[in-house]
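Protein chains: 2
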Amino acid sequence: MKDFTPEYIDHLRHIIEERNDDEARKALAELHPADIAELCDDLDVDEAEYLFKLLSEEAQADVLMELDEDDRQKLLSKMDAEDIAKQLEHLDTDDAVDIIQEMDADEREKILSHIDDVEQAGDIIDLLKYDEDTAGGLMGTEMIVVNENWSMPETIKEMRMQAEDMDEVYYVYVVDNEERLKGTLPLKKLITHPNVSKIKHVMETDPASVKVDTPIEDVALDFEKYDLVAMPVVDQIGRLLGRITVDDVMDKVRDLSERDYQLASGLSGDVESDDKLFAQTKARLPWLLIGMVGGLCNSFILGKFEGGFVVDPALALFIPLIGGTGGNVGTQSSAIVVQGLANGSLDIKKSGRQLIKELGVGLINGCIIALLVFLYNWITIGQGHQVTTLAVSISLFCVVMFASVFGTFVPLTLEKLKIDPALATGPFISITNDIIGMLIYMSISTWLILTLH
Amino acid sequence: MKDFTPEYIDHLRHIIEERNDDEARKALAELHPADIAELCDDLDVDEAEYLFKLLSEEAQADVLMELDEDDRQKLLSKMDAEDIAKQLEHLDTDDAVDIIQEMDADEREKILSHIDDVEQAGDIIDLLKYDEDTAGGLMGTEMIVVNENWSMPETIKEMRMQAEDMDEVYYVYVVDNEERLKGTLPLKKLITHPNVSKIKHVMETDPASVKVDTPIEDVALDFEKYDLVAMPVVDQIGRLLGRITVDDVMDKVRDLSERDYQLASGLSGDVESDDKLFAQTKARLPWLLIGMVGGLCNSFILGKFEGGFVVDPALALFIPLIGGTGGNVGTQSSAIVVQGLANGSLDIKKSGRQLIKELGVGLINGCIIALLVFLYNWITIGQGHQVTTLAVSISLFCVVMFASVFGTFVPLTLEKLKIDPALATGPFISITNDIIGMLIYMSISTWLILTLH
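Residue numbers (this note's numbering), protein chains in the order written: chain A, -12 to 440; chain P, -12 to 440.
Worth flagging that the hints you see were computed from the coordinates, not collected in a lab.
Just so you know, these numbers come straight off a predicted model, no measurement behind them.
Don't take every hint at face value.
The list cannot tell twin chains apart, which means a pair is met if one copy fits it or any two copies do.
Calculated cross-link-like contacts (lysine-lysine; reagent style DSBU-like; alpha-carbon spacing at most 30 Å) [said to hold, decoys possible]: (1) K13 x K185; (2) K212 x K198; (3) K269 x K198; (4) K198 x K185; (5) K175 x K198; (6) K61 x K212; (7) K185 x K405; (8) K144 x K187; (9) K336 x K97; (10) K239 x K212; (11) K344 x K176; (12) K40 x K403.
Produce the complete structure using the sequences and hints provided.
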């Protein structure tokens, strides 16, 4: 990974300011498109545009693809449809679709009409129809396809032709006369079996493949499970439609786990540390406001139970303990469920078992914590506050049990309803636990205090 | 992804119970090693062992590699060193090292002494020396290496020999006479340039590579950035030592983000939803106990400020609001930093900028929330509680500002100290915020109440 020093950036800025084309070209020649994209992020739009225009069309396309969405938007806004179309022609269809998808319908049409390669334009239009969150939305059409009845020399000749347009070849897909996927031809077979008469004798049969409407979460799990570099995509009757490459899947795996992490941390939207102040505020304020409403609900509830405080004001001292513990237990329980569902280790059909196990974990943890708190309180404030000491521990135990079950139940229910279970994590769980925990605490303790005193 | 129905498992159990070798072999033949590993997880050890022994040595090795660590341990404990050694011989060195790493020194030595292929055993011993969390710990030695001065036909002949032992070939690495990495030969060049006189004329120069001591987090970012399928590993003077494959990196990306997620959710250790009750309790209790201590600290602090409560008991009503908001703000701030550091979008050199931005976000969010709470309190309890209403909003604002800065500062500092910044997230942030927030709230409000009343 290149790390650009501030000195390097300054040096480059100087070159750009002087419009020193030769020096700038020399600097660019040493960089990978992904590095150039990173550079563009550090520069102003005009500076980035200057560098960009010095690149070859193919390099422009690669850089475009590597840019952040908003950097890309800025740069694209400076180009006309014809230039953009020319750059897209250098990209794989799946990457071109990713870029075109960010545009509005008018722009799309204008750009597509400028793509000279009719086949590629047609593929892009077809690919745009698929749902972004399915295998179809992730696939491209660049792949080498050969017929199972061809001989190896025939195959190699055909591959040579097909490979011209492609960046890199990892698999060769083998189909029958009806275009149905039958196998894959590992490239090493080209080397180890150069003269075989029919490909089907050396191909690997039963290739792992996905249906075009498979959700991307499942596609990602398959890539991980089967250690794949690329996976073919087929329609309902097994005809080969395209392929998904591991780099796109890896980006998705990271995106999905980042999204879960953000939800668990109370961030909405896809916020990044380098986003602007306003974007950051927008991503964070909603949860804070929900938390605020939760906090005000709590103050309302506590106000209703003032009777208990009057008898023993020490009750107030344990409010943070009850709220905090409930929140922590709930967060743990829901995180375990969300992560298990995400990495495939938890099966929704085993919900009942998971709930029972959570009850067990809650029972053990609840007993230990309630007992420790009881001992601490007995020693420190026990004298004169016996009822409160008892009330705190009983309600703490109840809160832990409730939070364990609630934190497990909510994400499992969401998953059953086909809603993203990660929505259940983070502030949602902790606020609900806070409110219900407070209700439990105040009900039990007020009742005990009023009964036993 | 195969999904095994309970009926299928029952059917298979029946076959196993009857020791019906033929039927069992037929069932296994239809399954990918990763699926067989998943099956073994659903079966008892003895059942899994029976199935396992029906597999070919090569399939055994593949299944072994796909198993969870504890399932693997159980199965390995039923085998002697010679059998294990035979299976390891079928694996790539990096996978064999992963398995051997889980054993103690005695077992290791015994197994290594039974590996017949001296070169492989030597490679494994060499690889065991590298730190697990660096490129060296992730690399294997199976790769095709050719000399830059060879012709293409020579190269193909050599590749044919080297490829025999390998599962799959994605890249061919080109070295000079001193074994220094000079380039890569994309496999499509075999097809497109079959007769070139020197490989160095068609190889791609300046190949992306990593030094052997690069931390795996950086290796993963490089794979994502450069969209690689495999990456060569070199020593300090550029000599080729091995290669890292994308499937291992993808597992690491998932592991690392799961770990961050677990830390943020207050789970220690690598806990999974299908772990046993005891393992779950062990992973969760530590944070709950820390939370408990935090809660008791709070009760102690609140006790010290009883003076305020005496003047206006309504102060107690806002304890959950203050604690909750501080926790939420802190969690958001630290999550943004941790995620930015993990995906490379936040540079530690820009810490100052990040802190200033956080101050801005805190200022906006703090003003909005404090104002809303002020309005709500003014309308509902304002009459007779003017000072408390004011105190709640002022301290709420201060708590938000503090939590923003604190949540940003701690993970950045940990990163500077080369400690995992993710340790700063989750319960740690929320508990500290809770305690300091409570101190801020009680100090400000008690002071205001005692001064203004």
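Same-copy or cross-copy closeness of K344 to K176 [CA-CA at most 30 Å]
neither (50 Å within a copy, 56 Å between copies)
Pop the pair K269 and K198 into one bin, within, between, both or neither, using alpha-carbon distances up to 30 Å.
neither (37 Å within a copy, 41 Å between copies)
First find the shortest C-alpha distance between K13 and K185 inside one copy, then the shortest across copies, and answer within, between, both or neither for a cut-off of 30 Å.
between (49 Å within a copy, 27 Å between copies)
Given a CA cutoff of 30 Å, do K61 and K212 count as a within-copy pair, a between-copy pair, both, or neither?
Between copies, since 21 Å is at most 30 Å while 39 Å is not.
Is it within, between, both, or neither for K212 and K198, if the alpha carbons may be no more than 30 Å apart?
both (17 Å within a copy, 28 Å between copies)
How do K175 and K198 come out at 30 Å by Cα distance, when the copy is not named: within, between, both, or neither?
both (27 Å within a copy, 28 Å between copies)
Is it within a copy, between copies, both, or neither that the alpha carbon of K40 lies no farther than 30 Å from that of K403?
neither (51 Å within a copy, 38 Å between copies)
Copy assignment of K239 with K212, given that the CA separation must stay at most 30 Å:
both (15 Å within a copy, 13 Å between copies)
Alpha-carbon proximity context of K185 and K405, limit 30 Å
For K185 and K405, neither the intra-copy (46 Å) nor the inter-copy (57 Å) Cα distance is at most 30 Å.
If the cutoff is 30 Å on CA atoms, where do K198 and K185 land: within, between, both or neither? Let me know, please.
Intra 27 Å, inter 43 Å, cutoff 30 Å: intra-copy only.
30 Å Cα threshold - placement of K187 relative to K144
both (17 Å within a copy, 24 Å between copies)
Using 30 Å as the alpha-carbon threshold, which applies to K336 and K97: within, between, both, or neither?
Answer is neither: 49 Å inside a copy and 43 Å across each miss the 30 Å cutoff.
The structure fails hints 3, 7, 9, 11, 12 (numbered hints given earlier, in ascending order).
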